[in-house]
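Here is what each chain is made of, one letter per residue.
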Amino acid sequence: MSFLVLVPTKRVPDTDGVIRVTPDGLDVDTSHLSFVINPFDAIAVEEALRLRERREDVEVVVVGIGDEAYEDELRTALAMGADRAIRVDAAEPLDPWNVACILSELARRLEPRLVLMGKQAVDDDSAQTGQFLAAQLGWPQATFASRIDDTENGAEVARETDHGIETLSVTWPAVITADLRLNEPRYASLPGILAARGKPIQEMSLQELGIEIQPRVELVGLQQVASQRTVRQVETVTELLECLRENTELF
Amino acid sequence: MHVLVLAEHDGDRLRAGTTAALGFARQLANGEGDQVTCLVLGDSVATVADDAATFGPVLFGSHADLAEPLADRWAEVTAKVVRSESIDILLGASSTFSRDILGRAGGLLGGAMASDVTGFLRDGDRLVWQRPMYAGAVTASVVLHGSPLIVTVRPTAAEPPERSSSPAAITPIEFDVAQLPGSTVHLGLDGRPSHRPDVTEARVVVSGGRGLKTTEDFERLVGGLADRFDGATGSSRALVDAGLTPNDLQVGQTGKVVAPELYIAVGISGAVQHLAGMKNSRVIVAVNSDPHAPIFEVADYGIVGDLYDIVPEMIQHLDAD
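Going down the list, the protein sequences come from chains A and B. For what it's worth, the working numbering labels the leading residue of the first sequence as 1, then goes sequentially. For what it's worth, the working numbering labels the leading residue of the second sequence as 1001, then goes sequentially.
I should point out that these hints are in silico values taken from the structure, not numbers from a laboratory. Please note that a few of the clues may not be correct.
Listed next, with one range per pair, are the computed distances between beta-carbon atoms [what the hints assert, rightly or not]:
| # | chain 1 | residue 1 | chain 2 | residue 2 | range |
| --- | --- | --- | --- | --- | --- |
| 1 | B | Pro1291 | A | Glu68 | 42 to 50 Å |
| 2 | B | Ser1165 | A | Leu33 | 49 to 57 Å |
| 3 | B | Ser1166 | A | Thr22 | 50 to 58 Å |
| 4 | B | Asp1306 | A | Ser2 | 51 to 59 Å |
| 5 | B | Arg1163 | A | Gln202 | 56 to 64 Å |
| 6 | B | Asp1125 | A | Phe251 | 44 to 52 Å |
| 7 | B | His1292 | A | Gln202 | 46 to 54 Å |
| 8 | B | Leu1121 | A | Glu246 | 52 to 60 Å |
| 9 | A | Thr171 | B | Glu1085 | 27 to 35 Å |
| 10 | B | Ala1046 | A | Gln233 | 30 to 38 Å |
| 11 | A | Ser2 | B | Gly1182 | 41 to 49 Å |
| 12 | B | Arg1282 | A | Asp57 | 37 to 45 Å |
| 13 | B | Gly1182 | A | Thr22 | 45 to 53 Å |
Below are the SDA-like pairs computed for lysine to any residue, each with C-alpha atoms no more than 25 Å apart in a straight line [unchecked claim]:
| # | chain 1 | residue 1 | chain 2 | residue 2 |
| --- | --- | --- | --- | --- |
| 14 | B | Lys1080 | A | Thr171 |
| 15 | B | Lys1213 | A | Thr236 |
| 16 | B | Lys1213 | A | Ser146 |
| 17 | B | Lys1080 | A | Leu137 |
| 18 | B | Lys1080 | A | Glu111 |
| 19 | B | Lys1080 | A | Pro215 |
| 20 | B | Lys1213 | A | Gln214 |
| 21 | A | Lys199 | A | Phe35 |
| 22 | B | Lys1213 | B | Pro1246 |
| 23 | B | Lys1080 | A | Gly138 |
| 24 | B | Lys1080 | A | Lys199 |
| 25 | B | Lys1213 | A | Asn183 |
| 26 | B | Lys1213 | B | Pro1181 |
| 27 | B | Lys1080 | B | Thr1214 |
| 28 | B | Lys1080 | B | Ser1044 |
| 29 | B | Lys1080 | B | Val1138 |
| 30 | B | Lys1080 | B | Thr1047 |
| 31 | B | Lys1213 | A | Arg75 |
| 32 | A | Lys199 | A | Ala90 |
| 33 | B | Lys1213 | A | Gly164 |
| 34 | B | Lys1213 | A | Ile165 |
| 35 | B | Lys1213 | B | Leu1244 |
| 36 | A | Lys199 | A | Ser31 |
| 37 | B | Lys1213 | B | Ser1147 |
| 38 | B | Lys1080 | B | Arg1122 |
No experiment lies behind these values; they were computed from the predicted model shown. We put the CB at the ideal spot given by N, CA and C, even for glycine.
Use the sequences and the hints to build the structure in full.
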C-alpha cells in the first residue's frame, strides 16, 4: 500500500490584489481579482512533493472544493508535481466545519497516512480547518509546522508558537498544517506543465460523498477598513520626540 | 449564559491575552444569572489557579499528563468540561495556543467557531461577531449557528476585569487520565530567553524590517531603542525569513497582532500583511528612507531618512533626558 498524502487546498484571491467590498456590503468584489492556491497550501503541496522525493512509496493527492474555475489551480498543483487531483464540486464557499466534514469523508475513503495543509487561508484567516479535521478523525495534529522530519511511524515536527519553536512527535496517520517557513514552493516547470495535462482531475459531488451542508458561520456583512490617520512628516529627531512627549504618556 | 475561558499561562500567572478574554467574557455574560468561569489546566499550577480566582470562579485540572499544552489532550479535557458544565460559549485569547487547542476543541464540539474576534453586537437574541478578514482589509460580521459557540478574542477587544480581594472558588475537575489521547509527544520548546517583555504585552514596541542589515544591527538599534522605553522588539516577516530574527517576534497577519501605546516601525516598508498586525496601535511612528513607503499611510508621525543615522540619534536624545 502506498503512503498517500492528502493535500487539501483553497482557492483565494492573490494577496497582491486590492480587496473591495461590493456595494451591498455582503461580499468581496472579485471581478478584478486573480486567484491562486492559498499560499500556505502551496507550501503544503511543496512539502508533500519533498516527502515523495525522500520516500519511494508516496502518492500526492491534491484536493480542491469549488466550481469548475478551480481546475486552473488544481492544474497548477499537478504541474508542480502532484500525482492526481480531486475537485469536490461546490458552488458556494463553505465554512471550516463543512470543509472539514468533506475532508473527513475523503480521508475515510482514501486512507491517507498524512493530511498536509496550510495553517490558514489568507482570505478568511480562520485557521480552523486542520484542527477540526484532526478532531473529527481522532488523529494527532501538529499545527504551524516549520520543519517536518519523517520517521517510519510518524514525524518529528517543529512548530512556530508565540513563545518559540516547539518540537512534537506525532504518529501516522496525522494532520500537519504548514507555516510560512516550512519551505519555498517550487514553480511549475515547462515539462511539469505539459505532464499535468495528462494527469487526472477526478470530480466528486457532495451527494456522492454523502455530505449535507450544515452552515456554522453565516456572513451577515462586510465593512471596508480604511486608515483614519494622516501622517505628519517631521524633519528632525528633536521634533519627533517633542511630538511623542505631547501625545503619549510614556515620558 | 455560561462562558468558559481556557487559561493560557506561563506556569505561574495568566497571560495578558487571557485576562483580556476574561474581560470580554464579562461583557458577554452581563445578565442576571450569567456566569464566567476560567478553566486552568497544567501540572503543578496552583499559583495560576490562585491568580485566576482573583477574577472569578475557576475549574482546575492538574496532572502530570497535562504538563505540556498538547492539543489532543487539552482539547479533550476542555470539550468534556464544556459538555458537563453546559457551557454556552468557550473563549480563549487569539494566540497560537488557542488556535491549536480551541480549534481542536471546536472540532469536537460541532464547529460553530469564530477566530480573532474584535467585538460583538446583540441583535435580538443573536450575537453578531466582528472579525477581520483579508489581512484586516475588511471587517466581517458573522453569526454562528450551533451550540456551544467557540470564539478566540483579540487581546485588544477588552480590558481585563478588576481583581477581587476575596478570591473565588477553585473547583477540581474530574477526568480519566487513561482515556486521554497519547499519539502526540512534546519533545521540547526552544524558547528564546529575553530580558524584554513579550511583543503582545508591552506598552511600547519597536519593530525592524528589511532596512536592518544584520542581527547585531537589529539588537543595537531596534533593541537599543526598545530598551529606552522598557519596550519589546518586533520584526517584519522579511527579517524572520532571512534568519535575522526569531519567529516569535513576527508582527503581522500570520504572526502576532499588537496594539501598544506606541509602535515604532524602523526600516519597515509596510506590506498589507505587516499592517494587519499593528495598525490598531495608539500612536504609530515610521522611520523609512523611502518617502512613498506604505507604512506612512498608517503612521501618525513619519521621518524620512537613513535609520542608521536616525535611530542612534533617537537613542542619544533619550539617554540625555
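Quick rundown of the hints versus the structure:
no., hint, in the structure
1, B:Pro1291 to A:Glu68: 42 to 50 Å, "holds (46 Å)"
2, B:Ser1165 to A:Leu33: 49 to 57 Å, "holds (56 Å)"
3, B:Ser1166 to A:Thr22: 50 to 58 Å, "holds (53 Å)"
4, B:Asp1306 to A:Ser2: 51 to 59 Å, "holds (57 Å)"
5, B:Arg1163 to A:Gln202: 56 to 64 Å, "holds (58 Å)"
6, B:Asp1125 to A:Phe251: 44 to 52 Å, "holds (48 Å)"
7, B:His1292 to A:Gln202: 46 to 54 Å, "holds (48 Å)"
8, B:Leu1121 to A:Glu246: 52 to 60 Å, "violated (35 Å)"
9, A:Thr171 to B:Glu1085: 27 to 35 Å, "holds (32 Å)"
10, B:Ala1046 to A:Gln233: 30 to 38 Å, "violated (54 Å)"
11, A:Ser2 to B:Gly1182: 41 to 49 Å, "violated (27 Å)"
12, B:Arg1282 to A:Asp57: 37 to 45 Å, "violated (56 Å)"
13, B:Gly1182 to A:Thr22: 45 to 53 Å, "holds (49 Å)"
14, B:Lys1080 to A:Thr171, "holds (24 Å)"
15, B:Lys1213 to A:Thr236, "holds (23 Å)"
16, B:Lys1213 to A:Ser146, "holds (24 Å)"
17, B:Lys1080 to A:Leu137, "holds (17 Å)"
18, B:Lys1080 to A:Glu111, "violated (28 Å)"
19, B:Lys1080 to A:Pro215, "holds (24 Å)"
20, B:Lys1213 to A:Gln214, "violated (51 Å)"
21, A:Lys199 to A:Phe35, "holds (21 Å)"
22, B:Lys1213 to B:Pro1246, "holds (15 Å)"
23, B:Lys1080 to A:Gly138, "holds (15 Å)"
24, B:Lys1080 to A:Lys199, "violated (45 Å)"
25, B:Lys1213 to A:Asn183, "holds (23 Å)"
26, B:Lys1213 to B:Pro1181, "violated (46 Å)"
27, B:Lys1080 to B:Thr1214, "violated (49 Å)"
28, B:Lys1080 to B:Ser1044, "holds (21 Å)"
29, B:Lys1080 to B:Val1138, "violated (35 Å)"
30, B:Lys1080 to B:Thr1047, "holds (24 Å)"
31, B:Lys1213 to A:Arg75, "violated (39 Å)"
32, A:Lys199 to A:Ala90, "holds (22 Å)"
33, B:Lys1213 to A:Gly164, "holds (23 Å)"
34, B:Lys1213 to A:Ile165, "holds (24 Å)"
35, B:Lys1213 to B:Leu1244, "holds (9 Å)"
36, A:Lys199 to A:Ser31, "violated (30 Å)"
37, B:Lys1213 to B:Ser1147, "violated (51 Å)"
38, B:Lys1080 to B:Arg1122, "violated (28 Å)"
Checked against the numbered hints above, the structure violates hints 8, 10, 11, 12, 18, 20, 24, 26, 27, 29, 31, 36, 37 and 38; every other hint is satisfied.
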